[in-house]
Amino acid sequence: MRVFQAGIMQGSHRGAILHAQDYRGHLKQLVLRHLPQSEVYDPLADHSDSVNYDEETGRSVFYRHNRMCGEVDVVLAFVPEASMGTAIEMWEAYRNGRAVIAISPLEHNWSVKYCSHAVYPDVRSFEAALTSGQIHQEICRVLGAADRPGTDSRRVVS
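In our numbering, each residue carries its 1-based index in the sequence shown increased by 1039.
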């Protein structure tokens, strides 16, 4: 199972700085512990200096990551506050029939609400759902529904 680890990087910062990224390692460990068949792609791991990329490199990476979100099995989106890049990644996955699992307190934000198959308000509830097998079941349900045209696989769990 291929998992794209989406999540806030720059958010609403006006400068070339990032939000704390310590969540990435923790979430990756959780996924690999509870879904050991997974391959987790963390875009920051390969692009840690992305805020300093030149125009051409930045554009290329941005578009490639968005395409990847439509090709992987799951997008795991960490959205503690609004993130335009993460919203695009969620949209690309959702419109291509991929499972979108969000960790976000923004349950009324339309990007979170309408582009996620499951929404967990925090990491603790996400971990509980992983441990119980709920997330694995949801991923299987969504990916199975993606094979049936005309089915809406959206179901929000919080």
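Please keep in mind that the hints were generated in silico from the structure rather than gathered at the bench. All residues carry an ideal CB built from backbone N, CA and C; glycine is no exception. Careful: at least some of the hints might be erroneous.
In silico SDA-like pairs for lysine to any residue, Cα to Cα no more than 25 Å straight-line [as the list claims (entries may be wrong)]: (1) K1152 to Y1080; (2) K1067 to R1180; (3) K1067 to S1171; (4) K1152 to D1112; (5) K1152 to E1166; (6) K1152 to M1107; (7) K1152 to L1169; (8) K1067 to S1077; (9) K1067 to D1081; (10) K1152 to C1179; (11) K1067 to E1095; (12) K1067 to G1183; (13) K1152 to T1096; (14) K1067 to Y1080; (15) K1067 to S1164; (16) K1067 to D1093; (17) K1152 to E1095; (18) K1067 to M1040; (19) K1152 to D1093; (20) K1067 to N1135; (21) K1067 to A1084; (22) K1152 to M1123; (23) K1152 to G1097; (24) K1152 to S1099; (25) K1067 to E1146; (26) K1152 to T1170; (27) K1152 to W1130; (28) K1067 to M1107; (29) K1067 to T1170; (30) K1152 to G1124; (31) K1067 to I1127; (32) K1067 to H1104.
FRET-style restraints, in silico, Cβ to Cβ [claimed, not checked]: (33) G1172 to S1099: 19 to 27 Å; (34) K1152 to H1073: 19 to 27 Å; (35) D1093 to E1146: 36 to 44 Å; (36) D1093 to R1180: 28 to 36 Å; (37) D1093 to H1147: 15 to 23 Å; (38) R1163 to R1103: 27 to 35 Å; (39) H1147 to R1098: 30 to 38 Å; (40) C1179 to E1110: 32 to 40 Å.
Status of each hint after checking the structure:
1. K1152 to Y1080: Judged against 25 Å, a Cα distance of about 24 Å means the pair holds.
2. K1067 to R1180: It holds: about 22 Å lies between the C-alpha atoms, which stays within 25 Å.
3. K1067 to S1171: holds (17 Å)
4. K1152 to D1112: holds (19 Å)
5. K1152 to E1166: holds (20 Å)
6. K1152 to M1107: Since the Cα atoms of K1152 and M1107 sit roughly 21 Å apart, the hinted pair holds (cutoff 25 Å).
7. K1152 to L1169: Between K1152 and L1169 the Cα gap is close to 20 Å, so the pair holds against 25 Å.
8. K1067 to S1077: holds (10 Å)
9. K1067 to D1081: Given that 25 Å is the threshold and the Cα spacing comes to 8 Å, the pair holds.
10. K1152 to C1179: With Cα atoms ~20 Å apart, K1152 and C1179 stay inside 25 Å; holds.
11. K1067 to E1095: Roughly 29 Å between the alpha carbons, so the hint for K1067 and E1095 is violated.
12. K1067 to G1183: Judged against 25 Å, a Cα distance of about 24 Å means the pair holds.
13. K1152 to T1096: Not OK: K1152 and T1096 at ~32 Å, beyond 25 Å, violated.
14. K1067 to Y1080: holds (9 Å)
15. K1067 to S1164: holds (15 Å)
16. K1067 to D1093: Given that 25 Å is the threshold and the Cα spacing comes to 28 Å, the pair is violated.
17. K1152 to E1095: violated (33 Å)
18. K1067 to M1040: Roughly 13 Å between the alpha carbons, so the hint for K1067 and M1040 holds.
19. K1152 to D1093: This hinted pair is violated, its Cα atoms lying about 34 Å apart.
20. K1067 to N1135: holds (23 Å)
21. K1067 to A1084: With Cα atoms ~11 Å apart, K1067 and A1084 stay inside 25 Å; holds.
22. K1152 to M1123: Within the cut-off at roughly 14 Å; holds.
23. K1152 to G1097: Roughly 28 Å separates the two Cα atoms, so the pair is violated.
24. K1152 to S1099: Given pair K1152, S1099 is violated - Cα atoms ~28 Å apart, limit 25 Å.
25. K1067 to E1146: holds (23 Å)
26. K1152 to T1170: holds (23 Å)
27. K1152 to W1130: holds (11 Å)
28. K1067 to M1107: Given pair K1067, M1107 holds - Cα atoms ~18 Å apart, limit 25 Å.
29. K1067 to T1170: Cα-Cα ~14 Å, so holds.
30. K1152 to G1124: The hint holds at about 16 Å.
31. K1067 to I1127: The given pair, whose Cα atoms are some 21 Å apart, holds under the 25 Å limit.
32. K1067 to H1104: OK: K1067 and H1104 at ~18 Å, within 25 Å.
33. G1172 to S1099: 19 to 27 Å: violated (38 Å)
34. K1152 to H1073: 19 to 27 Å: Holds, at about 25 Å.
35. D1093 to E1146: 36 to 44 Å: The hint (36 to 44 Å, Cβ to Cβ) holds, given that D1093 and E1146 are roughly 38 Å apart.
36. D1093 to R1180: 28 to 36 Å: violated (42 Å)
37. D1093 to H1147: 15 to 23 Å: Taking Cβ atoms as reference, D1093 and H1147 lie about 38 Å apart, which means the hint is violated.
38. R1163 to R1103: 27 to 35 Å: holds (33 Å)
39. H1147 to R1098: 30 to 38 Å: holds (32 Å)
40. C1179 to E1110: 32 to 40 Å: violated (18 Å)
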